[in-house]
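Novice: Chain residues, written in single-letter form:
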Amino acid sequence: MGEKGQDRRARYRLVYALLAAALLGAALLNVGVGSVSIPVGRIVGILLGRVDDPTQAGILWKIRLPRALMAALLGGGLSLSGFLLQTFFGNPIVGPFVLGISSGAKLTVALAMIFLLKALGGASSWALIGAAFAGALLATGLILLLSGRLKHMAALLVAGIMVGYICSACTDFAVTFADDADIVNLHGWSQGSFSGMSWENAGVAAALIALAGIAAFMLSKPIAAYQQGEAYAQSVGVNVRAFRVALILLSSVLSATVTAFAGPISFVGVAVPHLVKRALNTSKPLVVIPAVFLGGAVFCMGCDLIARTAFAPTELNISTVTSAFGAPVVIVMLLRQRRGTGA
Amino acid sequence: MTGAYLTARKLSVGYDGAPLIEGIELEIQKGEVVTLIGPNGSGKSTILKTIARQLKALGGSVYVGGDDLHRLSAGALASRMAVVLTERMRPELLTCRDIVSTGRYPYTGRLGILSDADEAKVDAAMAAVRVTDIARRSYDAISDGQRQRVLLARALCQEPEIIVLDEPTSFLDIRHKLELLSLLRGMARREGIAVVLSLHEIDLAQRVSDRIVCVTGEREVVCGTPEAVFSGDTIARLYGIERDAFDPAFGGVELPRVEGAPRVLVLSSGGAGIPVYRRLQREGVPFAAGILPENDVDCHLARRLAAEVIAVEPFAPFPDAAVARAFELVEACERVIDAGVLIGQTNRRVAEVLEAAKRAGKYERVESGEWRVECGVWSVECGVRRMRN
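Chains A and B supply the protein sequences, listed in that same order.
When the letters of the first sequence are read in order and numbered with my numbering, they come out as residues 1 to 343.
When the letters of the second sequence are read in order and numbered with my numbering, they come out as residues 344 to 732.
No lab work stands behind these hints, which were simulated from the structure alone.
Given the structure is predicted, the values throughout are model-derived calculations rather than measurements.
Some hints here could point you the wrong way.
As the list claims (entries may be wrong) - Covered, in the sense of this in silico footprint (three residues per stretch, anywhere, with C-beta under 8 Å from a C-beta of chain B), are these stretches of chain A:
id, stretch
1, 134-145
2, 212-225
3, 234-245
What the hints assert, rightly or not - Which chain A residues face chain B? A few, computed with CB under 10 Å, are given here:
id, residue
4, Asp53
5, Gln86
6, Gly90
Even glycine gets a Cβ: it sits at the ideal position worked out from N, Cα and C.
So here's chain B without its partners, still in its complex pose (with noise of 0.2 Å):
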């Protein structure tokens, strides 16, 4: 393929010596975010460190726009590659825009004294990552998400093709690694910088990802779009997890299911039911789920996370066999909870369902709409509890 910023092929990297992953082939464009990712210790950082020479390659070659990366000078490195990396900084006595300004370092004359230009792409950079308000607070005195900004700053000024960074969302919290993505996202597509990382989190890697490549620890490196290594048990294999502990659709893990005979029936439409499986699934209480059309997003969870569900094909009346189904574990459940169903024209049986769960005395209401109000976040608990009051 051409046009790739940054080629490795027949990449072999590890520690001294001795091979922890052989035969890698890489390629990265720019304005491409390229993200690895694979268990703990599977060897992201052996190969980000050694695209970033930080680490001698044990085989095979990795180019650089073109050139080899081990016959590039330190300085035409430097004004091509940014990395932002795991070890930490603990400077003495340093602002952040001091942190910055090092980036410039390339560019600076045998002082290392910054010139009108440079001060002004300083300024650019930390407005650019929204740092330019702690500009002159000590680098000592700010938060982990405000440091990866400063370090992003300091890679941005440092005018690289591309940027490399080794698990740059740790120790951040959610809000802070949505925002450190999204200006990688924003930089890659405007700037046409090209972006290499490393993460830990996989909902977030397939949501920013351009191309993901599995690392595993077995000497295998698997490179795809994200639709095609999140469909299959790609991630379950690299994990080591359970076929369905991963959803695509929803990008997010969920903890094996409760098994067992159903003590609760939950009736539900369009994700009225997602908090009440959580909840009960939390509570260890396996439960059926039902009656619901396939293609509702109910029916997509309750697929993961229930003891049974009682599916039916979309956009047509109900069979029969559903609903005597649905009877019978009225019958045998100890609750039967009602957690919003909207009753259409396919669906006007449910309300057959929900008349028998009445007369048994097992009808319970859980009003979403109210959950809002009482509590202010979308939460089971109080719903239920308000019920049983």
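Here chain A stands alone, though its shape is the one from the complex (with noise of 0.2 Å):
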């Protein structure tokens, strides 16, 4: 048995590795690479208080540094989100995208920008975060409305699917009546993108990720008794409502936070997790969840890379770019699926 727990240690510790690894690599990447190119030596220069050139010292800590941070955060987040939701409804093929959280969430930041522009003249991203919220709660609670009891992949699927619809309309309907202004600034949020992060957005953006990653880090033991079903948790004394409600708050803030911040971003949390559960060869929460996070970010932080430096100047939308890497994820998920279980 020793052995065996000898054997699986090192394969996290290997895996560990290699996503902080990654996670440096993107991070220099991310900051060095662009329009103007800032060598390495040069970032740990600036980094340390070293400027000898302002125009890329200013580069690197107003626009490129910001940036970077809110890809890791925000792909790390929406990961976690994907892994609860999938804990939730005991389904790996569920995230946040998927069900149409990331819409619901989209609708209501829409229409706070719309209104609260028109009357403030500006939204605070705490108030785009508190909308974001409702919206992803709203649609989370539909989605357990029309899903019902189903357990079944598909007919999840299908709900969610339709959620996002009914939001991108309602959304769409919002905007054909807004503002020529609002609506240029909504068009680039609404596809998703990471550019333009300021540091109190990322200050703010980091405070709420990082309580809920340790929040959903702290429930890493109910989640393992619930991946087994709702009854045998309850058997070996999971308080299952409370845990449930847990479950959807956490997985509501993250997306949340992540859909006021940069728009929907799509399939990231539906394939970094299963990337990291196979990597990692086990789905234990205690394991997988600082995984997950790291996965997320370094995911985030490539595909936010791409999506920058491809095709410059023009810049592609960020979900362009998962969806380009995540999609073929899932639809090798599915077909697996389909063989495994027959459900």
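Using the supplied hints, reconstruct the complex from the two chains, each of which is provided in its own coordinate frame.
Specialist: Encoded structure:
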């Protein structure tokens, strides 16, 4: 038994080491590559406070660092949100985007932008996050109503797609009657992007995502029990009702934060947890949760790098890139699932 | 009654506020195996789920270890009661040992990390149900029988005082059924755990249980020892089957006898006739069995399967009437099968019947000993075919 434990631990260490290395590499690339290229030595220098070139330092501090940090934070948060939803529904194919939760948050954020801009001339991060949270909860509630007690994977997906369409339709409706300036603003945002992130944004996002992330990690124990189904979780002493509420709230906070800042981002929440679980060869939450966060951070930084540089100076939507990498993973999962369980 | 670990008083169970069964009185002692039997949909699972607090009781009360079930905290209940349910677990990328480990949940800390003592208990539970060799295998990749044992190990390492199992033998083949039930029986006896389960196999229920609870869909629960429940027509009434269909001595069920004028007379003793009876039953041939002392096992079965039985008082010379009836049947039947009659002091007149059959050209000898050599199994088919050849 001990031998096996060591095998497993060696594997965990390896995966974590790789993730950490990838995170560092992605961070350096994200900060260094662009229309103005900054070599690694210079990056370290600027971070340590040696400013040789004020332009580069400005680009680094004002544009690239907050953007890279946001990509990492929001990517991690989105993946974690996906993992929590997968636990909740006992279904590996669900995630905040697939279930229409991102679209729900998008709808309320759009409404908040249009009306708050009109009323107050601007909307704070907190107002947008609040709106996104309400939208995420609303969409999740709708999913729960639609799916009822159906545990069937396909039914859940259909419900999610429906909710997504309903929310998008409402968003389009609102946008149609909004003023021109807002539409431009909204259009860019509603496709998902990490551009234009400020340190203020990053601070708010970091605080929320860190809190929700730690809370999710502290739920590792009941999550492990809940992975065996509701009844078995209850039989070992999990307060299932409270636990389910906690899961929904946490996953909603996470996906709402992401959507409020970067718009809806597709497939990260499904693909990353799946890849990380495969790499670790376990779904034990204690091991998986931090790795899912790291994996999401790496994945989104990588995707943002591609979005920014592939067709520079034109920037791609972040969802275009995450879909290109995430959707195939989800398709493979669907095919495997059918073969595996037949359910 | 005192000393019961789990007590239900005037318990009403059902779904969505509609009572399915009311007024259930139940007492389960430690070290005792109590089995719920009854037709599909009668409410066995509903009762078990209510006892395990998976379902809300609609009335009455349940006490576990002296405390009201509904006042116990989730943790306190979990350290007293473990369950094995019918709902199928579909965990992703978890080994059998991971599954078993979750049984330690009530005893681990905030993050659920297992101590060395916990690990040792997991190992012990896996050894007790003999799944140590598959500990590292993925739970998705093992057989149903192994899964049930893994779930039992999970329940065991929860260190419960009572284990509730809902139809644990479904999906299992006969070997795994026997293994699982003897494990439960042994656990109850050795560890003093109370075991309450539901079973479809009434024959197994009869063998494994200290007490049987009959659950009918008609708001009635009958409780008793297997001896009491399996005598009389309780089983027949419970399942709505023919009074004679279930045989408490054999613990099995029989298809209804083939009625009609006997076409075959089977002569046998001491169990030799049984395979021949079953074969004829399958083929739909009405037959007579004789001449059998009342205490012969052949006589016991023949009374359920044969169209006519010539039965006589045991340990006494055969009366003339019985022998005369046997001669009549030799006349009337197409075939007379000698399934192997041991002839001794009291039944030596069977020899006369056999002689008569030989004279009439209807005699067939089926040698039970030979079948085993020939086929390796106790099969009539080979024997009969052999005789015809």
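Novice: Run through the hints listed earlier and report the numbers of any the structure violates, in increasing order.
Specialist: 1, 4
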